[in-house]
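Asker: Chains as they are written, first to last, in the working numbering: chain A, 1 to 415; chain B, 1 to 415.
Worth flagging that the hints you see were computed from the coordinates, not collected in a lab.
Treat the hints with care, as some may be off.
[As the list claims (entries may be wrong)] Facing chain A, from chain B, some residues (calculated, C-beta under 7 Å):
id, residue
1, Leu107
2, Asp199
3, Met241
4, Val362
5, Leu376
6, Arg392
7, Ile407
8, Gly409
9, Asp410
Keep in mind that this is a model prediction, so the values were computed, not measured.
Where is the CB? At the ideal position from N, CA and C, for every residue including glycine.
2 protein chains.
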Amino acid sequence: MALTELGELGRRAKQAAHNLAGASRATKDDALLRSGEALVAHREEILRANAVDVAAARAANESETVIDRLRLDQARIESMAGGLREVAALDDPVGEVVDGSVRPNGLRIRRVRVPFGVVGIIYENRPNVTSDAMGLCLKSGNAVMLRGSAGALESNRAIVRALREGIAAAGLPDDVVILVEDVRHETVDEFVRLRAHIDLLIPRGGPSLVAMVLDRATVPYIIDGDGNCHVYVDASADLNMAERIIINAKMQRPSVCNAMESLLVHRDVAEMLLRRLDASLVGVDLVGDERTRAHIARAGSATEEDYATEFLDLKLAIGVVDSLDDAIRHIRRYSSGHSEAIVTSDYASATRFVNEVDAAAVIVNASTRFVDGGELGLGAEIGISTQKLHARGPMGVRELTSLKYVIEGDGQVRS
Amino acid sequence: MALTELGELGRRAKQAAHNLAGASRATKDDALLRSGEALVAHREEILRANAVDVAAARAANESETVIDRLRLDQARIESMAGGLREVAALDDPVGEVVDGSVRPNGLRIRRVRVPFGVVGIIYENRPNVTSDAMGLCLKSGNAVMLRGSAGALESNRAIVRALREGIAAAGLPDDVVILVEDVRHETVDEFVRLRAHIDLLIPRGGPSLVAMVLDRATVPYIIDGDGNCHVYVDASADLNMAERIIINAKMQRPSVCNAMESLLVHRDVAEMLLRRLDASLVGVDLVGDERTRAHIARAGSATEEDYATEFLDLKLAIGVVDSLDDAIRHIRRYSSGHSEAIVTSDYASATRFVNEVDAAAVIVNASTRFVDGGELGLGAEIGISTQKLHARGPMGVRELTSLKYVIEGDGQVRS
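Sequences are here, hints too, so could you generate the full structure?
Answerer: Structure follows, in structure tokens:
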């Protein structure tokens with residue numbers, strides 16, 4: 001795709017965004033519901049398109065994990081439609097008055113939430129993201145440009161066709177969702193520099209995509225980054241609680257960013273806890289430092305690299321620490337700033353951990369797995385920000401808005 | 001400066017930021033007051049250093065404007081100290097609980113304001129920024145790395161020496177303010193890519209610096225951009241009020257970003273208003289379209305370029321429009337998204353302008369000159385953001401913070 005073609009798509013998205021910005025909540029919700037209905041109505045067509053993508057993935061010897069992410073069935077299409085219905089039920093963030101005051105000179109000031117304009121999403125072989133991202137963007141008054149991967153192109157085309165039908169039926173411009181169909185690698189570079197047309201970029205992918213965005217993007221972006229999440233078990237911890245939390249944080253769904261990757265244990269409780277974990281972390285590949293291995297014979301030796309790695313798998317790096325300070329120092333060194341938990345019954349330890357650990361979420365006596373838009377009450381999420389600018393942690397529809405100062409006067413001038 | 005040297009400064013700033021993050025408001029305010037006192041106590045030393053910079057600027061034939069910005073005197077040093085006292089009096093944003101709730105499973109959730117960590121500032125020959133930026137960053141719990149220009153290096157060194165003395169006297173690490181003394185052009189590029197050590201970058205400079213940051217920075221940044229600000233006079237406007245606002249917005253301080261650069265006038269009031277402005281905009285170089293020039297004989301012909309330019313001077317581009325729609329379309333095309341004003345007595349026109357114009361600030365019946373941290377009640381500002389991410393419009397201490405989720409439980413795990 002020539003730059004001009006991508007620019008033309010951007011121009012169309014921007015125009016649609018202007019029209020969408022003033023749409024009422026009722027109209028937006030209607031578009032969301034109709035889009036969901038259109039997905040279900042066109043399910044055969046979507047499944048046929050998806051079968052083409054799946055066949056190509058098989059021919060390319062993609063892993064079963066990749067194919068499972070890519071594969072759609074009736075239930076998954078119904079679930080995408082259900083997601084759109086859930087987003088329709090959320091409060092509309094646009095127009096929310098965040099704060100306001102009257103100045104001594106009589107100027108009336110308020111800050112209101114407004115859409116960004118056009119949101120650009122770069123993502124991998126997950127066709128459900130096509131529908132989910134459109135839903136959250138539309139609800140927050142933003143047009144969306146979707147740049148999916150080559151391997152899901154047929155599925156994405158069919159899904160976007162259905163979504164656009166639903167949107168148009170509600171009287172909104174169908175260009176509020178635009179699929180970039182040129183999926184050559186080079187166009188990603190153009191996409192992240194489309195500053196004239198894209199107001200916010202959300203790259204959803206691995207470290208190489210993030211590195212490319214950091215290096216090349218001129219569009220403002222929010223990084224949905226790694227989760228090298230820790231659980232620290234304090235000397236005062238209730239060990240039953242600690243064991244339950246550790247099993248949940250590691251094993252309930254190891255492939256996601258809010259799963260635990262490293263466990264730190266205070267030396268006073270190391271022997272008792274680690275012996276129990278040896279038995280209860282069935283099927284988990286354990287690596288640890290010398291003091292860990294003294295209590296868990298099957299544990300391998302943990303390298304520097306292990307402590308720095310987001311395994312996204314049934315693997316856990318363990319370290320025994322001498323104090324809360326050591327735990328905080330370890331976390332400060334290796335954390336990716338996602339979610340960090342402490343298990344403790346000591347008030348001062350909890351307070352210090354909460355204050356001194358710098359992450360999107362700090363957790364006391366609960367599983368890291370709760371750091372998720374749904375679990376935190378955001379309704380749905382477009383990602384989890386590991387950056388500090390604009391949004392941190394799970395991002396819902398509110399994080400897809402900006403603010404505008406509205407200043408009203410009676411002829412005031414500055415002296 | 002080798003990258004490692006800049007990295008070493010960054011490492012020191014990061015360490016200081018960790019210590020500062022937990023400092024009490026009382027300690028931070030004490031450091032601000034003592035820094036102000038140190039500026040005054042070391043005024044002779046600062047003035048001697050400044051004289052060296054001013055002499056060099058004169059030798060290099062810099063303009064009087066540049067020299068005026070650079071020059072310090074006793075009053076200006078006292079004013080810098082006064083600025084630090086004002087920042088000390090502001091509320092501490094750190095620790096503010098923004099929102100919170102209890103989830104159905106009993107998890108207690110809150111979002112609290114936390115410092116970014118290390119803020120990097122790139123700026124020009126304005127030694128007062130050295131003190132102002134340190135004050136706002138320290139108050140918001142951030143260490144600051146200052147990268148001023150070569151032309152103010154001696155002044156900045158003397159100022160930072162005094163500030164560090166005050167900070168240390170309050171018991172805080174003096175590395176909460178670090179001056180990058182290697183002011184070669186190449187080091188700016190390293191500075192904006194110091195992602196491991198700098199958490200937020202605020203470039204304060206012209207379009208070429210902004211372009212460089214967009215292109216090269218990997219550190220998250222907030223753009224303090226141009227203000228190509230418009231005033232639109234509606235058909236229903238009170239023309240006395242319009243004239244007052246126009247004179248103020250253009251003439252009160254033409255060199256700043258919230259001054260008006262373009263005026264749009266509804267055709268129904270064009271003749272009456274423009275004839276009055278011809279008389280009252282004394283000393284302002286006027287350019288306009290054909291319909292403007294029909295009423296202002298002295299006006300030159302406005303080019304496309306004129307409408308797109310932030311003059312920062314006693315020059316004004318004027319256009320006559322047929323409708324509010326035309327005015328909004330013109331603004332959408334040329335606006336830099338800073339501050340846009342309408343003068344009207346019509347409720348629907350005011351409402352549409354507020355809703356449909358996309359800028360950091362939209363103003364009804366008041367001068368654009370009010371878009372300023374002090375005027376809007378922020379106390380002091382570190383810049384005015386023209387981007388939509390994180391902060392929009394004037395940025396005070398609150399905009400120098402991020403958020404953190406704090407999640408507290410009693411052993412909850414996810415099912």
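Asker: If a hint holds in the structure, say so; if it doesn't, say that too.
Answerer: Against the structure, the hints come out as follows:
Because the beta carbon of B/Leu107 sits about 6 Å from the nearest beta carbon in chain A, less than 7 Å, this interface hint is met. Because the smallest distance between the Cβ of B/Asp199 and any Cβ of chain A comes to about 6 Å, under 7 Å, the interface hint for this residue holds. This hint holds: B/Met241 has a C-beta 4 Å from the nearest C-beta of chain A, less than the 7 Å allowed. Evaluation of the B/Val362 hint against chain A yields a held restraint, the C-beta minimum of about 6 Å falling below 7 Å.
Here the hint on B/Leu376 is kept, as its CB sits about 6 Å from the closest CB of chain A, short of 7 Å. For B/Arg392, the interface hint holds, the least distance from its beta-carbon to any beta-carbon of chain A being 5 Å, beneath 7 Å. The restraint placing B/Ile407 at the interface with chain A holds, with a minimum CB-CB distance near 4 Å, inside the 7 Å limit. Annotation: interface hint on B/Gly409 holds; nearest CB of chain A at approximately 3 Å, less than 7 Å.
With its C-beta approaching chain A no nearer than about 6 Å, B/Asp410 sits inside the 7 Å limit, and its interface hint holds.
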